[in-house]
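Enquirer: Per this note's numbering, the sequence shown runs over residues 121 to 496.
Note that these hints are calculated values from the structure, not bench results.
Yeah, the Cβ is synthetic: ideal placement off N, Cα and C, and Gly gets one too.
Keep in mind that the hints are not guaranteed to be accurate.
Lysine to aspartate or glutamate pairs mimicking DMTMM-like chemistry, simulated, CA-CA at most 20 angstroms apart [unchecked claim]:
#  : residue 1 : residue 2
1  : 362       : 400
2  : 339       : 368
3  : 236       : 324
4  : 339       : 366
5  : 339       : 220
6  : 339       : 217
7  : 339       : 419
8  : 362       : 220
9  : 236       : 220
10 : 236       : 172
11 : 339       : 164
12 : 362       : 381
13 : 339       : 206
14 : 339       : 418
15 : 236       : 177
Computed beta-carbon distance windows for the label pairs [as the list claims (entries may be wrong)]:
#  : residue 1 : residue 2 : range
16 : 475       : 217       : 37 to 45 angstroms
17 : 495       : 217       : 30 to 38 angstroms
18 : 445       : 400       : 37 to 45 angstroms
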Amino acid sequence: MVLLMFISSRPDRPVGSWTCPLLAAVPCTVTRMYGGQIRTLVLEGPPRAMGERHGSELAPEIRGYLADRLDLAGDPYWAGRAEVPERILEIAQQTLEAHERFSANLFDEMSAMAGKAGITVAEAVVVGGFTDLVDVVRSEGGTTLEEDDCTGLIDAERGLLAQTWDMHASAGEYVYLLDVRPEAGPRAFVQTTAGCLGQIGMNEAGVAVGINNLTSYGKPGVTWPFVVRKVLEQTELDDAIKVVLDADLAGGHNFMLMGPDGIGCNIEAMPGGNRVTRVDSGVFAHTNHCLDDRNRSEEGSRSPLSEASSAERLENAEQLAEDLDAFFADEEINRGAATPHDVATCGAVVMRTTAGVLEAVWGRPGEHPWEQFDFE
121 MVLLMFISSR PDRPVGSWTC PLLAAVPCTV TRMYGGQIRT LVLEGPPRAM
171 GERHGSELAP EIRGYLADRL DLAGDPYWAG RAEVPERILE IAQQTLEAHE
221 RFSANLFDEM SAMAGKAGIT VAEAVVVGGF TDLVDVVRSE GGTTLEEDDC
271 TGLIDAERGL LAQTWDMHAS AGEYVYLLDV RPEAGPRAFV QTTAGCLGQI
321 GMNEAGVAVG INNLTSYGKP GVTWPFVVRK VLEQTELDDA IKVVLDADLA
371 GGHNFMLMGP DGIGCNIEAM PGGNRVTRVD SGVFAHTNHC LDDRNRSEEG
421 SRSPLSEASS AERLENAEQL AEDLDAFFAD EEINRGAATP HDVATCGAVV
471 MRTTAGVLEA VWGRPGEHPW EQFDFE
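Produce the entire structure from the sequences given, and follow the hints as far as they go.
Expert: Following this line, the structure appears as structure tokens:
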């Protein structure tokens, strides 16, 4: 069954009196401003057809999310300095050649999506790859950041990859699950946001990918959603690993991968190099700081509060990894927000590659229901 629900994406609302999209007349806190049954959109056919459907069906949300992210460009909390939107768009424009070179099919899909949504291709890069563009801003002289995003773990014993998706709280309005059915290649379930090709997902071959943001001094290159989607075109873990290692990245990201046999791999992928950790047994957790000494030298500066949060979430994730209910109930891992620009848990995913099942929640686990998706 496919559920299509389309919601006004940027209602006028002062902080503290937001309206729940699913209960339009009921004021609510930022942490409860979204949630319910996750909205699902089927994309099928050749790349251009998939992009056109994405752009035409979600055009208002895509334009709203773009405006939201361009607003953040002026917030030093996110970019390390107040940056005008025009500079963010210039950086995005400089990445287009790298994206097309990395995957002509995904570039066609993104371009078609942009056209139907009424935005430029560079604006489409901003919608999906904002955090990587922030890394490029940082390389031009940004200052210390507060941001943190996502806590994840690979459990090779149980054949699962689990994580929260944390972002500025207003991003939660735009969460969708894509059911990607390409003309060629495996079908995939992809947790994402309107206008982004993909963030977290698993394909019918049993290849899964999750992410954590890492701060770095970036450069014009490939943004992380392209890497996620290309990983999901693979049918073997080793091929998925090669996709990440071959990417000329714009910014830092940690990629958590798992194959159909439950074997996992963690890749701290930075513009200047990668650190690969195979996870053949046990549990491996990761948050928003590099664990490899060589990669630490390339990390962007962050506040002591941000560093402490990432370290605490990593410790909690390692301690709670055997109990997913406790993992997702932890208040450091599963976070609320007081304002739209605060970091919050906007969704979560559990992917069981040996069983071929993906579980997802829109909003904070515990406040909103989990749903199960399989390829039957």
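Enquirer: Please go over all the hints and tell whether each is borne out by the structure.
Expert: Hint by hint, here is what the structure shows:
Restraint check for residue 362 and residue 400: the C-alpha separation of about 18 angstroms stays at or below 20 angstroms, so the hint holds. In summary, the hint linking residue 339 to residue 368 is supported, as the alpha carbons are separated by about 9 angstroms, within the 20 angstroms threshold. Between residue 236 and residue 324, the direct Cα distance comes to roughly 28 angstroms. Violation of the 20 angstroms bound is thereby established for this hinted pair. With a C-alpha separation of about 16 angstroms, the suggested pair residue 339 and residue 366 falls inside the 20 angstroms cut-off, and the hint holds.
A hinted pair counts as satisfied when its Cα atoms are at most 20 angstroms apart, and residue 339 with residue 220 qualifies at roughly 16 angstroms. Our distance criterion of 20 angstroms between C-alpha atoms is met by residue 339 and residue 217, whose separation comes to about 13 angstroms. Proximity of residue 339 to residue 419 is assessed by CA-CA distance (about 13 angstroms); at most 20 angstroms being required, the pair is judged to hold. Restraint check: the Cα-Cα separation between residue 362 and residue 220 comes to about 18 angstroms, which is no more than 20 angstroms; the hinted pair holds.
Restraint check for residue 236 and residue 220: satisfied, since their Cα atoms lie roughly 19 angstroms apart, inside the 20 angstroms limit. At most 20 angstroms may separate the alpha-carbon atoms for a hinted pair to count; residue 236 and residue 172 meet this at roughly 6 angstroms. Restraint check for residue 339 and residue 164: not satisfied, since their Cα atoms lie roughly 33 angstroms apart, outside the 20 angstroms limit. Restraint check for residue 362 and residue 381: the C-alpha separation of about 18 angstroms stays at or below 20 angstroms, so the hint holds.
With a C-alpha separation of about 17 angstroms, the suggested pair residue 339 and residue 206 falls inside the 20 angstroms cut-off, and the hint holds. Among the hinted pairs, residue 339 with residue 418 is consistent with the structure: their alpha-carbon atoms are about 12 angstroms apart, no more than 20 angstroms. Restraint check: the Cα-Cα separation between residue 236 and residue 177 comes to about 9 angstroms, which is no more than 20 angstroms; the hinted pair holds. A hinted range of 37 to 45 angstroms holds for the C-beta pair residue 475 and residue 217, which are about 40 angstroms apart.
Between residue 495 and residue 217 the CB atoms are about 35 angstroms apart, so this pair conforms to the stated range of 30 to 38 angstroms. For the pair residue 445 and residue 400, the supplied restraint of 37 to 45 angstroms is violated, since their beta-carbon distance comes to about 26 angstroms.
Violated hints, listed in ascending order, are 3, 11, 18; each of the other numbered hints is respected by the structure.
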